[in-house]
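Participant: Sequence:
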Amino acid sequence: MRPFTLIISIITLLLLSSCGNNTSFHKNNGKETVLAMKQEVPESFVSEELNVVAAGDSLTQGVGDSTGTGGYVPYLQKLFQQEQGIGTVTISNYGVKGNRTDQLLKKIKSAEVKQSISDADMVILTIGGNDIMKVVRDHISNLQLDDFTPQMKTFETNLYNVLREIRKDNQQAAIVLVGVYNPFTKWFADVDEMNDIVAEWNRTGENILTLYDNTYFVPIEQIFSDTTENLLYTDYFHPNDKGYKLIADEIYTKVKETAIGDILATKRMNRENRGE
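Heads up: the sequence shown is residues -23 to -1, 1 to 253, going by mature numbering (1 follows the signal peptide of the UniProt record, and there is no 0).
Among the hints, a few may not be true.
With a Cα cut of at most 27 Å, we get these calculated DSSO-like pairs of lysine-lysine [unchecked claim]: (1) LYS130 to LYS91; (2) LYS111 to LYS83; (3) LYS233 to LYS222; (4) LYS233 to LYS55; (5) LYS55 to LYS219; (6) LYS244 to LYS231; (7) LYS231 to LYS55; (8) LYS219 to LYS233; (9) LYS83 to LYS145; (10) LYS231 to LYS219; (11) LYS91 to LYS219; (12) LYS130 to LYS145; (13) LYS233 to LYS244; (14) LYS145 to LYS91; (15) LYS145 to LYS231; (16) LYS145 to LYS244; (17) LYS111 to LYS86; (18) LYS145 to LYS233; (19) LYS55 to LYS111; (20) LYS86 to LYS145; (21) LYS130 to LYS86; (22) LYS55 to LYS244; (23) LYS222 to LYS55; (24) LYS111 to LYS130; (25) LYS83 to LYS130; (26) LYS91 to LYS231; (27) LYS91 to LYS233.
So the derived label-pair ranges between C-beta atoms look like this [said to hold, decoys possible]: (28) ARG114 to ARG245: 31 to 37 Å; (29) MET246 to ASP115: 48 to 54 Å; (30) LYS130 to THR230: 28 to 34 Å; (31) THR187 to LYS86: 22 to 28 Å; (32) THR181 to ILE117: 19 to 25 Å; (33) ARG114 to LYS231: 55 to 61 Å.
Hints in this document: simulated from the structure, not taken from any laboratory. Note that CB positions come from ideal geometry on N, CA and C, so glycine has one too.
Model the full assembly from the supplied sequences, consistent with the hints where possible.
Facilitator: What follows is the structure, encoded as structure tokens:
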């Protein structure tokens, strides 16, 4: 099978620095943002607090976000705030640039993250892109399609274990997995092999989710492939502000009619059972 000569040259120029695995300088130690309801509401109306954990890689940390406030997170937070019945929205951000699934698994086992997950109504994950890039780096001189197979199996196992750990800490929270995307689609039309790999990675992640209840897969590949607009940061890899906003829109669209409604209904029922 022929080498990915074009991909190799692209990766060499753009990715070794932009999507590095040096996480010691990029850790996001649970940056928490809180957005409180400011509009006046009738005294008889009781709004519910929404607690969200966002974890994963640079898409959650927000690399490429000019505001430095956490990529898609603040956009999604504002969208949640607009929902009738939601008052304070708290999102704990545990995104770390360069994280793969094995590193995310370690992260969610830490005491701080475990506590946040146990208190969460929803857990949102962005993970998988760096698992793909590990294969590229490990085989940079002679990259073949078959080189991705072992890492995909590792990704599958690690993701299953990540979801299992989350369910150990919280049986009820909605779990949202955001898909991976191919950042080279706009600039290099001949990287069909990478499109196939990204599609297979997404199918694998979506299939793993079916093993657990109350899980949601949010594809974002189409955001970047079905447009002529530049949605990438200056590193040509991570989303820019508009890209992150569109990711937030996709997540919100996926969960607003299902997960959010279920969360609010459960909270109201629990409150009524307590006689509040």
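Participant: Please go over all the hints and tell whether each is borne out by the structure.
Facilitator: Going down the list of hints, with the structure as the test:
About 26 Å separates the Cα atoms of LYS130 and LYS91, which keeps this hinted pair within 27 Å; it holds. For the given pair, LYS111 sits about 18 Å from LYS83 by alpha-carbon distance, which is consistent with the 27 Å threshold. Our distance criterion of 27 Å between C-alpha atoms is met by LYS233 and LYS222, whose separation comes to about 16 Å. About 13 Å separates the Cα atoms of LYS233 and LYS55, which keeps this hinted pair within 27 Å; it holds.
Of the pairs offered as hints, the one joining LYS55 and LYS219 holds, with about 15 Å between alpha carbons and a cut-off of 27 Å not exceeded. For the suggested pair LYS244 and LYS231, the alpha carbons sit about 20 Å apart, so the restraint of at most 27 Å is met. For the hint linking LYS231 to LYS55, the alpha-carbon distance of about 16 Å falls within 27 Å, and the restraint holds. The suggested pairing of LYS219 with LYS233 holds, with an alpha-carbon distance near 21 Å, which does not exceed 27 Å.
Restraint check: the Cα-Cα separation between LYS83 and LYS145 comes to about 14 Å, which is no more than 27 Å; the hinted pair holds. Note on LYS231 and LYS219: the hinted pairing holds, with a Cα-Cα distance of about 19 Å set against a maximum of 27 Å. For the given pair, LYS91 sits about 32 Å from LYS219 by alpha-carbon distance, which is inconsistent with the 27 Å threshold. Between the alpha carbons of LYS130 and LYS145 the distance comes to roughly 23 Å, so the proposed pair stays at or under 27 Å and holds.
Proximity of LYS233 to LYS244 is assessed by CA-CA distance (about 16 Å); at most 27 Å being required, the pair is judged to hold. For the hint linking LYS145 to LYS91, the alpha-carbon distance of about 9 Å falls within 27 Å, and the restraint holds. Proposed proximity of LYS145 and LYS231 is supported: the alpha carbons are some 24 Å apart, at most 27 Å. Restraint check: the Cα-Cα separation between LYS145 and LYS244 comes to about 20 Å, which is no more than 27 Å; the hinted pair holds.
Using a Cα cut-off of 27 Å, the hinted pair LYS111 and LYS86 holds, with the two alpha carbons roughly 22 Å apart. At roughly 25 Å between alpha-carbon atoms, LYS145 and LYS233 fall within 27 Å of each other, so this suggested pair holds. Distance restraint check for LYS55 and LYS111: the Cα-Cα separation of roughly 34 Å exceeds the 27 Å cut-off, and the hinted pair is therefore not satisfied. Among the hinted pairs, LYS86 with LYS145 is consistent with the structure: their alpha-carbon atoms are about 10 Å apart, no more than 27 Å.
Taking the CA atoms of LYS130 and LYS86, the gap is near 21 Å; set against the 27 Å cutoff, the hint holds. Annotation: proposed proximity of LYS55 to LYS244 holds, straight-line Cα distance about 20 Å (limit 27 Å). The suggested pairing of LYS222 with LYS55 holds, with an alpha-carbon distance near 11 Å, which does not exceed 27 Å. Note on LYS111 and LYS130: the hinted pairing holds, with a Cα-Cα distance of about 13 Å set against a maximum of 27 Å.
The suggested pairing of LYS83 with LYS130 holds, with an alpha-carbon distance near 18 Å, which does not exceed 27 Å. With a C-alpha separation of about 25 Å, the suggested pair LYS91 and LYS231 falls inside the 27 Å cut-off, and the hint holds. The hinted pair formed by LYS91 and LYS233 meets the criterion: a straight-line CA distance of about 25 Å does not exceed 27 Å. Here the CB-CB span from ARG114 to ARG245 is close to 49 Å, at odds with the stated 31 to 37 Å.
With their beta carbons about 50 Å apart, MET246 and ASP115 fall inside the hinted range of 48 to 54 Å. Between LYS130 and THR230 the beta carbons are some 31 Å apart, a value that agrees with the proposed interval 28 to 34 Å. The supplied range of 22 to 28 Å is met by THR187 and LYS86, whose beta-carbon atoms lie about 24 Å from each other. A hinted range of 19 to 25 Å for the beta carbons of THR181 and ILE117 is consistent with their spacing of about 23 Å.
Between ARG114 and LYS231 the Cβ separation comes to about 31 Å, which falls outside the hinted range of 55 to 61 Å.
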